[in-house]
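Modelling step: build the complete structure from the supplied sequences, incorporating the hints.
If you read the protein sequences in the order shown, they are chains A and B. Note that numbering that gives the first Met the number 0 numbers the first sequence so that position 72 is 71, with each residue one more than the last. Note that numbering that gives the first Met the number 0 numbers the second sequence so that position 131 is 130, with each residue one more than the last.
I should point out that these hints are in silico values taken from the structure, not numbers from a laboratory. Because the structure is a prediction, the values reported are computed rather than measured. Treat the hints with caution; some may be incorrect.
[Claimed, not checked] Label pairs and their computed distance ranges (CB to CB):
#1 A75(A) with V64(B): 15 to 25 Å
#2 R93(A) with N85(B): 32 to 42 Å
#3 E105(B) with G30(A): 41 to 51 Å
#4 V58(B) with A110(A): 28 to 38 Å
#5 A66(A) with N85(B): 53 to 63 Å
[To be verified] To be clear about the criterion: a stretch of chain A counts as covered by chain B if any three or more of its residues have a C-beta under 8 Å from a C-beta of chain B, and this derived list gives those stretches:
#6 2-15
#7 24-32
#8 52-62
Every residue gets a Cβ at the ideal spot worked out from N, C-alpha and C, and that includes glycine.
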Amino acid sequence: MKTLQVVETAYRATVEEQDDTIVWLTHAMVGAGGQFGMLLTGNAVCYAVREQRASPLTIGEWQQSHAAELSADVAALVAKGVSLYAVEEDLEERGIRDARLIDSLTVIPRAELPRLLEEYPRIWKW
Amino acid sequence: MMSALTFAIMDAPFENARTVTAFRLMQAALQAGHDVNVFAYEGAVGLAFARQAAHPNAVHGRDVVAENHPLPRVWIAELLQWAKKNGRKLDWVNCGLCVDERGMGEAIEGVRRGSPADFWKMSVESANTLVIPTR
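Structure representation (structure tokens):
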């Protein structure tokens, strides 16, 4: 059964977790045989921008080995067969509609969301 | 000696970017020459929980060593160590009742149990207090 992951909360504990927890969860469930689509809304549309980079954190002498690579993690979902969407108006509001976005991202106007949602029997909003 | 700064934090580990921001501010304050007091309230008492454990990450394709998963208890230990080595004072106080509610009595060495009275005292004795509440 196809499930649409609607991701709105972004950059929540991504330094501590070294990823986005819902993107990670989706990877894990795809690995378990799940079929998913992912719709980026709100601040999560920023995950589609390819050039973003988080510097590794240093606290005292502890150094982070792997800072989160969020756009790469999302792009890796596409490579695993997950259909990826972002709400056009949310990209425009943030001034990143014309940024270099992940390949295979489908930008969808808010007015077309009902059609997209109809394609998925299950919709989980995060 | 510069004056002390007090931080009150509330967020549990692995839940919010505010945690990292708080740690970066504490580190910056210590490096700028301030002593630092921390009152960890509610979920933030989990930051010092001694049983936090790193794990491998199959999704990332890394074993436990390569993943080097961030652990806030390690960050606290690092700040305590840095402060000691550089002649600063870091006083990290966990709210005792919050600890009891959560069964998180095992804190790392250098973290002490306290109460809102400690927070009040630290605040009065500090140049300023920054509250970073949960939302």
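Hints and how they fare:
no. : hint                            : result
1   : A75(A) with V64(B): 15 to 25 Å  : holds (22 Å)
2   : R93(A) with N85(B): 32 to 42 Å  : holds (41 Å)
3   : E105(B) with G30(A): 41 to 51 Å : violated (34 Å)
4   : V58(B) with A110(A): 28 to 38 Å : holds (34 Å)
5   : A66(A) with N85(B): 53 to 63 Å  : violated (26 Å)
6   : 2-15                            : holds (count 6)
7   : 24-32                           : holds (count 3)
8   : 52-62                           : holds (count 5)
Of the numbered hints stated above, those contradicted by the structure are hints 3 and 5, listed in ascending order.
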